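There are 4 protein chains.
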Amino acid sequence: MIPSDVLDQLATQAIELPSWAFGNSGTRFKVFSTPGTPRTVEEKIADAAEVHRLTGLAPSVALHIPWDKVDDYAALRSHAESLGVRLGTINSNTFQDDVYKFGSLTHVDEAVRRKAIDHHLECIAIMDATGSQDLKIWLADGTNYPGQGDLRGRQDRLADSLAQIYDRLTGDQRLVLEYKFFEPAFYHTDVPDWGTAYAQTAALGERAVVCLDTGHHAPGTNIEFIVAQLLRLGKLGSFDFNSRFYADDDLIVGAADPFQLFRILYEVIRGGGFGPDSTVAFMLDQCHNVEDKVPGQIRSVLNVQEMTARALLVDTDALAKAQESGDVLGANGILMDAFYTDVRPGLATWRESRGLPADPMAAYAASGYQTRIESERVGGTQAGWGA
Amino acid sequence: MIPSDVLDQLATQAIELPSWAFGNSGTRFKVFSTPGTPRTVEEKIADAAEVHRLTGLAPSVALHIPWDKVDDYAALRSHAESLGVRLGTINSNTFQDDVYKFGSLTHVDEAVRRKAIDHHLECIAIMDATGSQDLKIWLADGTNYPGQGDLRGRQDRLADSLAQIYDRLTGDQRLVLEYKFFEPAFYHTDVPDWGTAYAQTAALGERAVVCLDTGHHAPGTNIEFIVAQLLRLGKLGSFDFNSRFYADDDLIVGAADPFQLFRILYEVIRGGGFGPDSTVAFMLDQCHNVEDKVPGQIRSVLNVQEMTARALLVDTDALAKAQESGDVLGANGILMDAFYTDVRPGLATWRESRGLPADPMAAYAASGYQTRIESERVGGTQAGWGA
Amino acid sequence: MIPSDVLDQLATQAIELPSWAFGNSGTRFKVFSTPGTPRTVEEKIADAAEVHRLTGLAPSVALHIPWDKVDDYAALRSHAESLGVRLGTINSNTFQDDVYKFGSLTHVDEAVRRKAIDHHLECIAIMDATGSQDLKIWLADGTNYPGQGDLRGRQDRLADSLAQIYDRLTGDQRLVLEYKFFEPAFYHTDVPDWGTAYAQTAALGERAVVCLDTGHHAPGTNIEFIVAQLLRLGKLGSFDFNSRFYADDDLIVGAADPFQLFRILYEVIRGGGFGPDSTVAFMLDQCHNVEDKVPGQIRSVLNVQEMTARALLVDTDALAKAQESGDVLGANGILMDAFYTDVRPGLATWRESRGLPADPMAAYAASGYQTRIESERVGGTQAGWGA
Amino acid sequence: MIPSDVLDQLATQAIELPSWAFGNSGTRFKVFSTPGTPRTVEEKIADAAEVHRLTGLAPSVALHIPWDKVDDYAALRSHAESLGVRLGTINSNTFQDDVYKFGSLTHVDEAVRRKAIDHHLECIAIMDATGSQDLKIWLADGTNYPGQGDLRGRQDRLADSLAQIYDRLTGDQRLVLEYKFFEPAFYHTDVPDWGTAYAQTAALGERAVVCLDTGHHAPGTNIEFIVAQLLRLGKLGSFDFNSRFYADDDLIVGAADPFQLFRILYEVIRGGGFGPDSTVAFMLDQCHNVEDKVPGQIRSVLNVQEMTARALLVDTDALAKAQESGDVLGANGILMDAFYTDVRPGLATWRESRGLPADPMAAYAASGYQTRIESERVGGTQAGWGA
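Chains as they are written, first to last, in this note's numbering: chain B, -2 to 384; chain W, -2 to 384; chain P, -2 to 384; chain L, -2 to 384.
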């Protein structure tokens, strides 16, 4: 049985879906296509809405510009709302134009850098139209060979570019800077770690915060420590949830190391990053190379929900007492006790009480949705990372 | 001054170029195209021949099937020979067909597995036509999620598939099995380490050997130890040279950790893997995402040559003496002494004495070759990983 | 509810405890002592017996020579049996003598190598006296600097040393060779990976097998794959269970990545490594630097038992079906379903039905054992890695 | 030939030696003792002075408190000065007292935390007496198991402790905070990364800076990027030089990856961290487990000098031009050109011109110093990490 105060807290949980999770994706070796893959942003939103309909967990959809560019954002907004979801974070893209081969916001050529800044200003204009709060910047900038670029100069230019973008924000709009350890650049990336994202956003101001992508760290990194630190510094803006074993970072959240996800969520709660008073946004950033996309997203939000439930079950009073008395095994045992609790039956019952399917995965399989999109979405160009 | 016996040994060095190094490549995020990129296998071979013309180091070109498929291999062979190079290793490809989504030689579906085996038999037929000795198998097979596949069953099917392929070899043809730590599969790969490649090839027989790709190991792995071990076991078939920092494995050989390359080459020589009596094949397996391709290949073969020269300079008698007496600093110093020796002037002089340009990079820049291919190779489809 | 056939299989489980887990341990920075730490091997065995008394899981104790050397092994055997446990694996030690500074079984000096071989022959004589089946060899041999040793020569000498030791085994005695990625040597270790342990033991014969220590791999290594492979090759002799985050390998098994432990145990069962017909030995190899030692061991064997229970719960028929049909999410879901099942209440009930405490950790705390040893074990020298 | 402006810059280089490098050290498995090992801090300083005498590179010695505690620091200072060196950085130690088992500056028990703070105040008093400028704090604080400690609370207490210490500094004294990825704690360390060290020192004020130990990062980390970033932020206080392959961090600087050391030094110079106007302190922090200690230190400072020379040779104008024009191979080639230049003959000549031995390693071997200390330093207790 899950205590009602835990369920009450879970009721506030919202996890944003990435529109690109519904398109085709893969590796440099091969992108496999899937029947039913959306051809348009409207179809992506429809798929996201289906995830929300079955889970009650995913009320918003992040857009990726230019992949999700449309002429009429008001219409897109209405389309989303008619399906029961809203438009969320706007993600910029400065990695697919030929001019960005050697960088974008860090580029040594002022014309290229201008173009990259302007792209972000365009994204903010889209935010104005969609009502989105967050501009998320993940930079592909970096180099493949020592000497190829000037690390220091690139960092200075990045600071200047970000300042120009930040200045354009209005109201409660935020600039969210994501860091990534490696890829697509292999020698250095210009925002490789939380320290850099912190230093850069601290220099900008209060509405500049950090996005922690759970797959973007060196092996062995204690990610929950970074969560605790960024919350302490007031700079944790959002999560990109996913998982990985050695590398690539796009597996289903919780699939590679569920205990790590638990520890991360425990620190989120511990540090005030969960609940109505928190401004920390939860998002998925994954791709589904070999598995079906809509149920892949359902599985993902359920993983986050289940693990949040476990993290909320931790007996924090007992834990504090054990920690203070140096009872290593006792303290660890209290954490593990929550982790090993099977919250799934309790959540199923609770879901039903809220008019949701007890088992959203089974409900999806039974819904006929997959069959319908496979038969309806014929012709056109399936969405992928290029469109 | 480089001693003449070292130069004599260097004169025997040959490094095979991969045809795909001349085509476009990139990451899942973006493949940048380059002016002058070959449209046909004939143009790839022409580029490879240019590398050989300037360095005297690259007398053969590896082909990738189906990317380099032609109707008339005898004609292709003549084309290569007319340019001063020959056709080398045949590389199979079972990762770009939709049916291979869940595996090829390991696939649970016998029809798919049959198709993958047959592809390799076709490759052997091509070897018969091209006079190639080695069939190199790099398997993309693997899974992304625990439970997705049966690790044990896949390994057994792999053994059976390889046996069927091995049985088809004739004469001195070899099956060379490559291992790779991760990618494109992210949870498990079916040939992830040298142990697996060794166990599988040992079960096949003498003409099955292992390909060591220098970029395919976990961080911290002592690669030169594996070199020493495989040579000791008589199973080191060939090298795929390249380098990497954290991951991707396709940077220019020696670019990320030149000292590691030196140690590898030292163990190659130490274990009898270098010289006329050795059957170890040296190949590049790299891509040039952001740098020019032809000079990228020139730089690569020069790196291998220069580092081989340094490795040949090690005073092995003094080293053995220092090792035997427990003189740690002395022994290490003898190795470092060779590594820090600047062999470049000596090699430049020697190259000139052999009718080669002293500085092949400068010679290429001055040759007008790049300008010519950029103006000639207009229209058509640039070669890349899909073609 | 745990099905009775699963409980029946669990009833056969035995996990050997290492005598050194009860002594003090730590890092190069500091070894903290603990009240109640054994001063003698007899006291270590008493502690191990207490773990077995409360869990029914740990019927044997591994000894470490020379730390656990006694004059009368028959008496030690009787002592153990009187406490309800038996003596298990004999672990050799060639890393604490000054002569082994540059190696032992691989040493270039024949006198040192002879001494190291003789030490192992002495261990076998002890096995004859204790009735132990396994001689476990973990080698600290390696080098800290490139050039310090001759990798190839060391490997050849290792092969010769092992052959001399192997020849001395009688009856069903086994030589179990452990591999370790790094430490205490930092440039190379002479048995760094499963491939080396496999190649060396394969050369010896059937009674030479491999010990897989779960903490001895590079980051990102898929350990369950190695389990599957070694079982397939008939060479998985035993496990040293423990866990680690980045490095050191001596945390409580299951503490760092419980899901990994689950996957490992799943492959053990899948490959026939569990149950009465299997010869795979389960052992702990851990230390308790900051936590209490006896409950640390109790927690450890319970972790293995609980995770084995989960692994036995996997619906293998459904899994095979999902795997065969390419249902990635379904197959993964079947595995996760078992992992997320809370087996603890069922195991508690079952324990009671077998006359064991439902909660061995609580039972230990209530037993007064810790208080007793703390008051009794005063004076003398606490056991540690040096004694 | 090395240009004279490069030699002029090299003439200003100073590398501080750690007193503990001359004592015995090892791993948790074994500490090997060496003939001639100092028994007192005075003997350690004598050894350090010998390194300086032969290299002209090591004019100061760092002390470790309490290992190097004496009654009369004025006398110690005179002793050092009489040998031609001065006393440098004071290193605190809060990892060897039993009370620090669960932390020091982060400890939840105010009494323990007070003791740890007071230890640092004592260190500052010693700095006043020795004339040392820097208080270096490397914290062993951390936990081994999830739940063992409260990550957030520990960080807050750390901030408070550091503030109390910082407040006590006078004049140009600095607090230098070191970060370390792991060890001796294995689940989390309280100052694991540069981001944490930066955030903590930025909160303190201008005279709080960061110590970058080259061995304290996750695998794959681009360390030179951190160098560039910390210099940019004005927070790079000092280096602890050493090297490592996978882990431990105490090998001779430049031994594991000389090219990485080159890149680090290049960024130091690029960012203004080298030369008379820089406040960045260069130190060694290594141990010599298996090699002789005095020549181990000589080799180390020479490695830093040689690599600094190479880094100073980079043609920065040509590099900037190549970077600006997107000439990847050209830019990389310019860097590699400097790296591959053999500066050793030029440095040997220059050393002689300054009254130093051309080959300090050979000069040490010929000096009889080792023989003398081996015969003189008999009896007493050899220095090590406990004393």
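Please note that a few of the clues may not be correct.
No distinction is drawn between identical chains; accordingly, a pair holds when it is met within one copy or between any pair of copies.
[To be verified] Derived pair list, reagent style DSS-like, types lysine-lysine, alpha-carbon separation capped at 30 angstroms:
hint, residue 1, residue 2
1, Lys112, Lys66
2, Lys318, Lys66
3, Lys112, Lys98
4, Lys318, Lys112
5, Lys27, Lys318
6, Lys98, Lys318
7, Lys27, Lys98
Hints are computed from structural coordinates only; laboratory data are not their basis. Source: prediction; values computed, not measured.
Evaluation of the provided hints:
1. Taking the closest pair of Cα atoms, Lys112 and Lys66 come within 30 angstroms of each other only inside a single copy of the chain (17 angstroms); across copies the shortest separation is 42 angstroms, beyond that limit.
2. In this homomeric assembly, Lys318 and Lys66 never come within 30 angstroms of each other (Cα to Cα): the closest approach is 53 angstroms inside a single copy and 37 angstroms across copies.
3. Proximity of Lys112 and Lys98 under a CA criterion of 30 angstroms is satisfied intra-copy only: 13 angstroms inside one chain copy versus 39 angstroms between copies.
4. Within a single copy, Lys318 and Lys112 get their C-alpha atoms only as close as 56 angstroms, which misses the 30 angstroms cut-off; across copies the closest is 22 angstroms, which meets it.
5. Within a single copy, Lys27 and Lys318 get their C-alpha atoms only as close as 53 angstroms, which misses the 30 angstroms cut-off; across copies the closest is 26 angstroms, which meets it.
6. Taking the shortest alpha-carbon separations for Lys98 and Lys318, only the inter-copy value of 17 angstroms comes in at or below 30 angstroms, while the best intra-copy value is 55 angstroms.
7. Within a single copy, Lys27 and Lys98 get their C-alpha atoms as close as 22 angstroms, and across copies as close as 9 angstroms, so both meet the 30 angstroms cut-off.
The structure is inconsistent with hint 2 alone, although it conforms to all the rest.
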